[in-house]
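Hey, can you piece these two chains together into the complex? The hints should help.
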Amino acid sequence: MIPAYYEFYNPVKINAGDGALETIPYELGQMNAAKPLIITDKGVVKNGLLEIVLNAFRDSEIVIGAVYDDTPPDSSLVVVNEITALYHKSGCDSIIALGGGSSIDTAKGVNIAVSEKTNDIATFMGADRLKSTPRPFVVIPTTAGTGSEVTLVAVINDTENHVKLPFTSYRLLPNLAVLDPRMTMTLPPKITAMTGMDALTHAVEAFTCMQKNPISDAYATVAISLISKNIMSATKPNAKKETRFAMANAATMAGVAFSNSMVGAVHAIGHACGAIARVPHGMAMSILLPHVMEFNMDKLEDLYAKLLLHLTDEETYAKTFQSQRAKKAIQRIVEMRKELYDIAGLPFTLRGAGVTEEQFAKIAELAMNDGAMLPNPKILTTADVIGILKKAY
Amino acid sequence: MKTYKTNIKPGSATAQKWVVKAGFFALGRTIAHLSATDDEVMREIAAWPEGYSFSMNVLPAGPCLVMEKLNNKMHFIGLDAKPDADMIVEVKNLSIAFKMIMAQLGAHDVYARHGIGVTGNIADSMKLIRIIYKAEAMLFPKILNKNILKESPDETLQLQVKRLKAITLGVILGK
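Just so you know, the sequences run in chain order A and B.
Going by our numbering, the first sequence opens with residue 1, and the numbers climb by one from there.
Going by our numbering, the second sequence opens with residue 1, and the numbers climb by one from there.
Quick caveat, the hints were computed from the structure, so don't treat them as lab data.
Predicted, not measured: the structure shown is a model, and the values here were computed from it.
Please note that a few of the clues may not be correct.
[What the hints assert, rightly or not] Here are the simulated DSSO-like cross-link-like pairs (lysine-lysine), alpha carbons at most 30 Å apart as the crow flies:
1) Lys164/A - Lys92/B
2) Lys2/B - Lys299/A
3) Lys299/A - Lys92/B
4) Lys162/B - Lys378/A
Extracted from the complex, chain B is given alone in its bound form (with noise of 0.2 Å):
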């Protein structure tokens, strides 16, 4: 009689995660930096209440970008899941956050490729939305952030210097 093969346990995409990992700590501490000092994203955060926290979690088992408003600003919390967060943003697999933080895909399409779930107000998503635009024009240059923003931003003298400090002060200094 022929045998199959049972109870067979998938492996791990464990470079991938490392990966999302690495850009969600970018994404994360990028937000904090701007929340700082960008105009718009302070206006963006204004309405949240002190203590507001968002979890951006990558199904089935993250990571996750947790960050909390504290002293008017957001804080990159960390990569492990916050149950309890005001807003949680459900990225449906590993692979659609992938090539999110690759470059590969925007916020709006990831939506149009049914990718994301939101718990909670969904007004508060698409301030989060309108700020992860703005820190991905941050993080990636006019040639990639073509390929995941609706419109991509001038690349001004202005904007490549406030690129380089929420690199080297956000990502790296984390300020």
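So that you can see chain A by itself, here it is in the shape it has in the complex (with noise of 0.2 Å):
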């Protein structure tokens, strides 16, 4: 069904494939950038990943004006500042954020400090209060899960005041996102397993929540079925170049899938769950995502039947029951968090986890509060989130 109103917008451009990352220095070219500044981490580095993509720069005019390679996991308000200093000092006009979701978060909060002039970006926080024109912006991730390349918001850590600080802006959109095959080779099986359940929950929340739309559900559901099909042979020791590939395309459609029609409660509890029990995002994404299916039931089994074509195949799909559907769908899910636990050692339980039961309040509260509880289509209480939380664990 096609709702009274929606919106979306996805402005960037995607540039994927064999030979992506060549392609960097004639658009950079284009948005009249000639000094980009690199924002990465150890991590990159050591696999190797800053060298093949400073080695796409040779014979073009593109002078890398600096390379961060301090980016800590958590995206922290002082790296910001430190990282905007360094852009200025080394006369840079232009940013590459290089890694997983925490360069690119860092990276848009230096565009933020970068372009509205500001040692202080936590005075921009919130939906809609960028004014000025970002700087050129190019991303490569190294993961396939978040989909930051292509969303409109950042989270950057206060840790002076142990807050994180959401910004939501069309602004924050970067103008290419590289796909390159060549990065993501180099990534562990668990956190392949990891970020590419993320990226399927990005894709099922983006199908089922509130701002969905028709534009938005094209992007989720290929991303879904590139996901099912692809996960297991990705996650497997030495895997095809081309099952990551597939991967990485389905992170940045889930992205853009969510972008522009948020996530919900799988995200506001599994937020919590990092914020008290610092469960890695995908993990707890991947443990929560069937069971507030299944609490969701009754409001969206319509959507979750519709899944089961993405999540299996024709034949499973019209073998099945349409009364059948739903339930499928969320078992498929299920097995497909049992394979990935055999494969990469992904826990399927909160309490695999580390999650303790006394936690369970505090996160119960903090869910509460989270924004992505707005967009989930039925309504949850704390007594809701307790329950969804026991048998999760």
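In structure tokens:
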């Protein structure tokens, strides 16, 4: 059903496939940029990915203004300010993020600081607060999960006040996302599994939450098909380039979908599990997804039933009675989690992820006040959240 | 040479604006009443410090619903913007605010239409949305609130008594 009104926006150019990195100098030239700052982390450098990226600039007129390779696992205001100073000192005119969610969010934070000419980006926290034209911004993801290369969101830690600052603005969207198969080849199995399930959750929630629309649905369903068909083989050691590239595409498509239709209760509870019990985001998504789907079942049965086609294949879908399709879709996700546990050791219970029952009350309280609760089609109470946590334990 | 109209000054949706003003007045006074009588609303505002204020502004030129916490209770301050409020919720246009007030769109529908923006703490805005749900359940009978609430409460005698009190004591008498 098409909603009475919806909005969709995705201006990010996507260069994907073999040799995608080598297109960056030309694309920067098109943006009148000549001196980018690269923001990355030590893991990316250690795996030789930075070197591959730098080689892509050979014989071009681009000068790499500076490389910041100390991005921590959680981006912070302090790091954003440090990098902003490096940007100005090096005379840079554009930004390249190379890495996972943290490097990309940090780069978005630097773009806010540079374009808004501020050393306190916290004053721009919230939705639609940015007014200045951002600097040319290229993202090269090295994981296949966050979808940050095509989203309008950044979360930066205020380590002094122990709070996470969310920023949402169309001005945070990169100009270019580069999906090069070489960038995800070194991803360890467990990270591949976690980030893949994160992408699956993005797509499932984008397809079922309240801002859904026909265009985001198209992105979400293709992402689900790609993940369902490739996540197992991509997680195995020595995974083929094709399967990893399929996962990278799926993560980006899921990112486009949820950037336009938002996520729901899986994310709200997952964020709280991360904040209280330090459960990695993708792991929390994987654990919670089927339990929240079961909770939402009475409101979303028809949509979950449609997902069975994308989570399995035409034959399975056709052979399954309409009344059983939604349940089978959830069952398929449960089976995927078990397989990922066998292949990569990805836990499928909160207990296995290190959460204790004593933490449930705090997790539930925090989850209730998470912005992702609002687009969830079914209202949740604190008791509902605790019920889900118990089932996932 | 053909002449064209230039410098066209759009008119004002005066009637819609007055309906929204009346709706904000009723909503504000209902929230104030519930903040002193309803356990769930009292729990929601408990974490807000004394003097905490929010302003729900309809863009581009109002009206606005401004409320402030004083003596552990929310008070309806008025319909003019409070630029220094702790939380500012911006409804992007009058048409959306009108549909909210006329029970055609719920808070989640407005969000789904990208119709609101928040400046301030997101957790506080989630509390405010739950408070608005509660107030709407008081102001509108089930036949109307089923369109705007994710889950409509049962029309029990207790709810109807609470609604009567909210409308007479809260909206009309401002208590």
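Quiz item: Within 30 Å, alpha carbon to alpha carbon, are Lys2/B and Lys299/A?
Solution: Since the Cα atoms of Lys2/B and Lys299/A sit roughly 58 Å apart, the hinted pair is violated (cutoff 30 Å).
Quiz item: Given the proposed pairing of Lys164/A with Lys92/B, does the C-alpha separation stay at or below 30 Å?
Solution: holds (26 Å)
Quiz prompt | Hint consistency between Lys162/B and Lys378/A [alpha-carbon to alpha-carbon, up to 30 Å] | solution = holds (25 Å)
Quiz item: Has the given pair, Lys299/A with Lys92/B, been kept, meaning a C-alpha gap of at most 30 Å?
Solution: Measuring from Cα to Cα gives roughly 29 Å; hence the hint holds.
When each numbered hint is compared with the structure, a violation occurs for hint 2 only.
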